[in-house]
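All chains should be built: construct the whole structure from the sequences, respecting the hints.
In our numbering, the protein residues as written are 1 to 147.
These are calculated hints, taken from the structure and not from any lab test. Treat the numbers as computed from the prediction; the structure is a model and nothing was measured. Glycine is no exception: its CB is placed at the ideal position from the N, C-alpha and C atoms. Don't take each hint at face value.
Using 30 angstroms as the maximum straight-line C-alpha spacing, the simulated DSS-like pairs for lysine-lysine come out as follows [as the list claims (entries may be wrong)]:
| hint | residue 1 | residue 2 |
| --- | --- | --- |
| 1 | K13 | K106 |
| 2 | K67 | K116 |
| 3 | K76 | K106 |
| 4 | K107 | K76 |
| 5 | K106 | K116 |
| 6 | K13 | K116 |
If you anchor each label on the Cβ, the simulated ranges turn out as follows [said to hold, decoys possible]:
| hint | residue 1 | residue 2 | range |
| --- | --- | --- | --- |
| 7 | G14 | E135 | 37 to 47 angstroms |
| 8 | Y40 | Q3 | 11 to 21 angstroms |
| 9 | P95 | D58 | 17 to 27 angstroms |
| 10 | G114 | E135 | 21 to 31 angstroms |
| 11 | E50 | G134 | 36 to 46 angstroms |
| 12 | D144 | N31 | 21 to 31 angstroms |
| 13 | L143 | Y40 | 38 to 48 angstroms |
| 14 | L63 | V83 | 20 to 30 angstroms |
| 15 | Q131 | M61 | 25 to 35 angstroms |
| 16 | L126 | K67 | 30 to 40 angstroms |
| 17 | G134 | N31 | 34 to 44 angstroms |
| 18 | A7 | E85 | 17 to 27 angstroms |
| 19 | P39 | T9 | 35 to 45 angstroms |
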Amino acid sequence: MFQGETAITIDDKGRLAIPTAARDLVARAGNRLVVAYNPYEAGCLWLYPEAAWETVRDQVMALPNAKKVHRNLQLKLVGAATVVEPDSNGRVTLPASHRAAAGIEKKAVLLGMGGKFELWSEQAHLAQIRQTIGEDEISEDMLDLRL
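See below:
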């Protein structure tokens, strides 16, 4: 399970170094990650271990494509998905198109989010973190949490 927040620098070749603490987990998951757009929030890419990705891909592609929202989800996740593999230094090269669409430049934030990573542009991450959850936004599912 991936967890934690790491400030990341993207080099001039579009590479990011996977944090040392996560490299073993990535290796145990097959050492291949799939990069896809986050369909729900701007400024963020998702990076799945390949095996976990295949489950997500199959679920998304099983949606009937007669609905525009389904086609949009399929486009952002499956249509734009790219497999990347860490090099011997634990770096992966992110496609330029993905970086540009998410606004990810030199500085980014990598979050371990359980079964996947989220790679946020520094600005989008700060905007998300600075937002608080208001009382009127608390869902029924959240009421039983003891935080």
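Consistency of the hints with the structure:
Proposed proximity of K13 and K106 is supported: the alpha carbons are some 10 angstroms apart, at most 30 angstroms. Of the supplied pair hints, the one linking K67 and K116 holds, its CA atoms being roughly 27 angstroms apart against a limit of 30 angstroms. Restraint check: the Cα-Cα separation between K76 and K106 comes to about 23 angstroms, which is no more than 30 angstroms; the hinted pair holds. As the CA atoms of K107 and K76 are separated by approximately 23 angstroms, the hinted pair is consistent with the 30 angstroms bound.
About 22 angstroms separates the Cα atoms of K106 and K116, which keeps this hinted pair within 30 angstroms; it holds. Only pairs whose Cα atoms come within 30 angstroms are accepted, and K13 paired with K116 is accepted, the gap being roughly 23 angstroms. Checked against the given bound of 37 to 47 angstroms, the beta carbons of G14 and E135, roughly 42 angstroms apart, stay inside it. Between Y40 and Q3 the Cβ separation comes to about 20 angstroms, which falls inside the hinted range of 11 to 21 angstroms.
The beta-carbon spacing between P95 and D58, approximately 22 angstroms, falls within the hinted interval of 17 to 27 angstroms. With their beta carbons about 26 angstroms apart, G114 and E135 fall inside the hinted range of 21 to 31 angstroms. A hinted range of 36 to 46 angstroms for the beta carbons of E50 and G134 is consistent with their spacing of about 38 angstroms. Look at D144 against N31: about 38 angstroms separates their beta carbons, and that is not inside 21 to 31 angstroms.
Judged by the Cβ atoms, the range 38 to 48 angstroms given for L143 and Y40 is violated: they are separated by roughly 23 angstroms. As the Cβ distance of L63 to V83 is approximately 22 angstroms, the hint placing it in 20 to 30 angstroms holds. The hint said 25 to 35 angstroms for the Cβ distance between Q131 and M61, and at roughly 32 angstroms that hint holds. Under the hint 30 to 40 angstroms, the C-beta atoms of L126 and K67, about 34 angstroms apart, fit the expected range.
Evaluation of the 34 to 44 angstroms hint for G134 and N31 yields a pass: the beta carbon distance comes to about 42 angstroms. Range check, A7 to E85: Cβ separation about 23 angstroms, and the 17 to 27 angstroms hint holds. Judged by the Cβ atoms, the range 35 to 45 angstroms given for P39 and T9 is violated: they are separated by roughly 26 angstroms.
In this structure, the hints that do not hold are numbers 12, 13, 19, in rising order.
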